[in-house]
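Trainee: Which chain is which? The protein sequence lines are B and Z, in order. Straight run, no breaks: the first sequence in my numbering ends on number 517. Straight run, no breaks: the second sequence in my numbering ends on number 517.
Check each hint, because a few of them may be wrong.
If several chains are the same, the list does not tell them apart, and a pair holds so long as it fits within one copy or across any two.
As the list claims (entries may be wrong) - Derived DSS-like pairs (lysine-lysine); straight-line CA-CA distance at most 30 angstroms:
#, residue 1, residue 2
1, K323, K85
2, K85, K294
3, K491, K54
4, K89, K475
5, K301, K230
6, K323, K340
7, K323, K78
Simulated from the structure, these hints should not be mistaken for lab results.
There are 2 protein chains.
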Amino acid sequence: MINNDIKNLPKFGKLDVEHPLFTNERVYKDIKSCKEREEFESKVLFSIEDAIEKSQLKSGMTISFHHHFRDGDFVLNKVMEVIAKKGIKDLTLAASSLLSVHSPLIEHVKNGVITRIETSGLRGELAEAVSKGLLDIPVVFRSHGGRAYAIKNGDIKIDVAFLGAPSCDSFGNANGYSRDHDNGIICGSLGYAKTDAQYASCVIVLTDNLVPFPNVPAGIFQSDVDYVVKVDAIGDPNGIMSGATRFTKNPKELLIAETTAEVIEQSGVFKDGFSFQMGSGGASLATARFLREKMLKKNIKADFVLGGITGVIVKLHEEGLIKKILDVQSFDLEAAKSLKNNRFHQQMSAYYYASPNNPGTAVNQLDVVILSALEVDVDYNVNVLTGSDGSIRGAIGGHQDTAAGASVSIIVCPLTRGRIASVVDKVNTIVTPGKTVDIVVTDQGVAINPLRTDLIERFKNSNINLTTIENLRDKAMSLVGRGKSIEYTDKVVGIVTYRDGSVIDLIYQVKDQDEDD
Amino acid sequence: MINNDIKNLPKFGKLDVEHPLFTNERVYKDIKSCKEREEFESKVLFSIEDAIEKSQLKSGMTISFHHHFRDGDFVLNKVMEVIAKKGIKDLTLAASSLLSVHSPLIEHVKNGVITRIETSGLRGELAEAVSKGLLDIPVVFRSHGGRAYAIKNGDIKIDVAFLGAPSCDSFGNANGYSRDHDNGIICGSLGYAKTDAQYASCVIVLTDNLVPFPNVPAGIFQSDVDYVVKVDAIGDPNGIMSGATRFTKNPKELLIAETTAEVIEQSGVFKDGFSFQMGSGGASLATARFLREKMLKKNIKADFVLGGITGVIVKLHEEGLIKKILDVQSFDLEAAKSLKNNRFHQQMSAYYYASPNNPGTAVNQLDVVILSALEVDVDYNVNVLTGSDGSIRGAIGGHQDTAAGASVSIIVCPLTRGRIASVVDKVNTIVTPGKTVDIVVTDQGVAINPLRTDLIERFKNSNINLTTIENLRDKAMSLVGRGKSIEYTDKVVGIVTYRDGSVIDLIYQVKDQDEDD
Chain B
1 MINNDIKNLP KFGKLDVEHP LFTNERVYKD IKSCKEREEF ESKVLFSIED
51 AIEKSQLKSG MTISFHHHFR DGDFVLNKVM EVIAKKGIKD LTLAASSLLS
101 VHSPLIEHVK NGVITRIETS GLRGELAEAV SKGLLDIPVV FRSHGGRAYA
151 IKNGDIKIDV AFLGAPSCDS FGNANGYSRD HDNGIICGSL GYAKTDAQYA
201 SCVIVLTDNL VPFPNVPAGI FQSDVDYVVK VDAIGDPNGI MSGATRFTKN
251 PKELLIAETT AEVIEQSGVF KDGFSFQMGS GGASLATARF LREKMLKKNI
301 KADFVLGGIT GVIVKLHEEG LIKKILDVQS FDLEAAKSLK NNRFHQQMSA
351 YYYASPNNPG TAVNQLDVVI LSALEVDVDY NVNVLTGSDG SIRGAIGGHQ
401 DTAAGASVSI IVCPLTRGRI ASVVDKVNTI VTPGKTVDIV VTDQGVAINP
451 LRTDLIERFK NSNINLTTIE NLRDKAMSLV GRGKSIEYTD KVVGIVTYRD
501 GSVIDLIYQV KDQDEDD
Chain Z
1 MINNDIKNLP KFGKLDVEHP LFTNERVYKD IKSCKEREEF ESKVLFSIED
51 AIEKSQLKSG MTISFHHHFR DGDFVLNKVM EVIAKKGIKD LTLAASSLLS
101 VHSPLIEHVK NGVITRIETS GLRGELAEAV SKGLLDIPVV FRSHGGRAYA
151 IKNGDIKIDV AFLGAPSCDS FGNANGYSRD HDNGIICGSL GYAKTDAQYA
201 SCVIVLTDNL VPFPNVPAGI FQSDVDYVVK VDAIGDPNGI MSGATRFTKN
251 PKELLIAETT AEVIEQSGVF KDGFSFQMGS GGASLATARF LREKMLKKNI
301 KADFVLGGIT GVIVKLHEEG LIKKILDVQS FDLEAAKSLK NNRFHQQMSA
351 YYYASPNNPG TAVNQLDVVI LSALEVDVDY NVNVLTGSDG SIRGAIGGHQ
401 DTAAGASVSI IVCPLTRGRI ASVVDKVNTI VTPGKTVDIV VTDQGVAINP
451 LRTDLIERFK NSNINLTTIE NLRDKAMSLV GRGKSIEYTD KVVGIVTYRD
501 GSVIDLIYQV KDQDEDD
């Protein structure tokens, strides 16, 4: 009988008489107040060195950072400097994205501190250097959803996450704003960081603003945090926030925006309760303005808007035209403040936002997404990662995720930019597969993916200036000519993955022109 | 050189040309609206049978439930009925707690559907039956923090969690209230369920109230949910909520409450910014009232209150006497409504609240906790689990967790209840070890644990009616006499664990009186 065997049950074999509770060992109790405890028993450390020491970070491990501070980020460079000084080598850097401000990484790669990079995008000098073959091992590019999925399923195993936060209490409740003041650093949503905090083996929050426990509401919870490092500064507000949102005066962008709003209106999804996502580019922001007029005129309200959020969306929300906002990153101060003050404007994790393995993923609920493109080709494949010279200068972001999730995905781009065509035979780099792209809106006409016979039927008798993607390509070519084809070496510098981790394209090293000439 | 080996890298061996994105396989896209998607692509199922089928629940697995609906819960019994019908056997039931309403479990144990139970507490007929030896394998009792810790570290591996929710969208964003109305089912915080949702292999939300996506703010996120089952009813509001909070008129309780407020005032932690937790018992609620007067008089405000929350705490918060509330379970309608409407009243998970393995755990930040007791002994050990007849009739709850975490833990109990002494030589069952108990307040005097020399020193010259725990025991004995000692068989029916999973007591089967006589 099992009951008689209780003395032999593995965990519950006998009364634990050796437990400190039943021996003379002192159970520590006194009347320290919470404030005193914060001082003596908190997770707070006062140097990055200490935190790295305690995290047991070793050569060969994987570290992560978020990019909510964008080009105002101080955290990554500061932490990397300390890691480099400690002689730790051969790290994998799994950042949510990397920007121009992160160019000091070049030295860390050269010195062997970092040997692998995984990111959504690369910009600036680092991007140039990577394009020219900085790393032996190609950079792995993932979408925001793909990265979250990889973290969840173990493809990315983060050993130590270093997460900057504009406010944090002594035990790790962190957020992208401060309840105590509106000045200083504010980034709004900590969406990308949330996923890292949940899955990393060791989580270190860096903050310049220690606030009283409990810092609620919080974006990152103390239960996920190991250490809190108080530093003097985590970022530059000017770099973090793109500043006041201004509407474009560019006539091409205004034309594209007006057409896009028309397309949305006639696409079949423009009904009361619809949902959409749009980026922070000029055409996107202007589209919101034209869409607003249509919503007011037809008395149509959106149930929700999601993704990266701007002040333009916030204003629509405050006007009552959008019920709820799901925010994975706040692009400007208006968005960050709204997240702080409005309980129907909520932050969501990257995983919640865009992971491909869950039918509830937020992007799957989108009716319309408006996306930009560096290039789109006649198969509707989109490139947002490499420039016309073949070098890396962009980010996948949520491009793949939203194109796949939304009922109608709309690519907005001018037919040409300067002397460069945006509609081409074949994109340099496939980032978002044509099968998930539905409509391309340019200043010279609108093309609908032939796979979407339903949409073609719907627009048959509309006033939209419909054309084919081949016509758009021809027109672009006639305007600017076929670009000089890019010469590459056989060295792979980047691997473009799809949301599920499969490889959908490779980026090769661009041949150095000077070398050839 | 690693770059040349790219074709042999395990995950990134080659362009995935077989990927559906690059073959003729159709990528499904059309202009279904979100509302249509909710119908066709959601996680919603319309029968518990279906959900169990899809969860792949099999004999021998572990299932979990929360007890936020208390004695109004319909979920557990409904689900168990279906499981039993399907012929699934030998399950471990790992509930956050079990109440009188769950007496149908007796039959499921008798029929072999359930062979193991883990819970914070047992009440009613089920408790009686367990006390009399219903199960072959002893019930494992864990505190709320101990359970969360066990779930996190894998001691409890939940295969399928069945979580009732007063509102849920089609993709699994669930909450303890509805944004659309205040009527019907409302339970406030989903604190215990949050931990289950995060760690269970399969998560099924049961709701009677499907709401539009996105149901934000949410207590449980879609990213953690596998299926949503729409059922007619999940609970009885009258059983879920204990009703309007009434102040006690019991003179013993009022005396204890007044004394407790005095003790807090003089304990050294009663300073501006202090924190506390108190339960929903008569003496606790009355203590809040006396404490309020002292706070107003001395202009002292609490930074936060946490734990199970009542309308009494909400009122103090609304008066400005408490800044923030961390809510693991809402005891009444006032608390649930405040959680819904007030963003400084936030729900927290059981893990956040009380897990023993994280210095940030909320209970560790408490200055004062007020706890009840069935018995306390001369070693300050407390029993809240077994009655004076030796049978099970209570729950560990957060008792161990808060006693260990708070700077000052105060046990409130009348010296005697009817003909039964509350202060005894040795408690029937050790639930909270004396080393973590600081002060015992009775209607006949206050005893301070000799380990707390700091508190004894502080109260030396106070007006508090101080005595020793031995004197209290003697007085109790002189009033009601020594109770008849309980006779037990040698069968273990319950294992009492401490927060860290170690065993601190065993509960034996009570000898049936009729059998003996």
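Trainee: Each hint needs a verdict: does it hold in this structure or not?
Mentor: Evaluated hints:
For a Cα distance limit of 30 angstroms, the shortest separation of K323 from K85 qualifies neither inside one copy, at 50 angstroms, nor across copies, at 43 angstroms. When the C-alpha separation of K85 and K294 is checked against a cutoff of 30 angstroms, the pair qualifies neither within a copy, at 58 angstroms, nor between copies, at 55 angstroms. Proximity of K491 to K54 under the C-alpha cut-off of 30 angstroms is found in neither arrangement, the shortest distances being 39 angstroms within a copy and 47 angstroms between copies. Taking the shortest alpha-carbon separations for K89 and K475, neither the intra-copy value of 51 angstroms nor the inter-copy value of 70 angstroms comes in at or below 30 angstroms.
Taking the closest pair of Cα atoms, K301 and K230 come within 30 angstroms of each other only across two copies (27 angstroms); inside a single copy the shortest separation is 44 angstroms, beyond that limit. For the identical chains of this complex, K323 and K340 are neighbours both inside a copy (16 angstroms) and across copies (17 angstroms), given an alpha-carbon limit of 30 angstroms. Taking the closest pair of Cα atoms, K323 and K78 never come within 30 angstroms of each other, the shortest separation being 40 angstroms inside a single copy and 35 angstroms across copies.
When the structure is compared with the earlier hints, violations turn up for hints 1, 2, 3, 4 and 7 and for no others.
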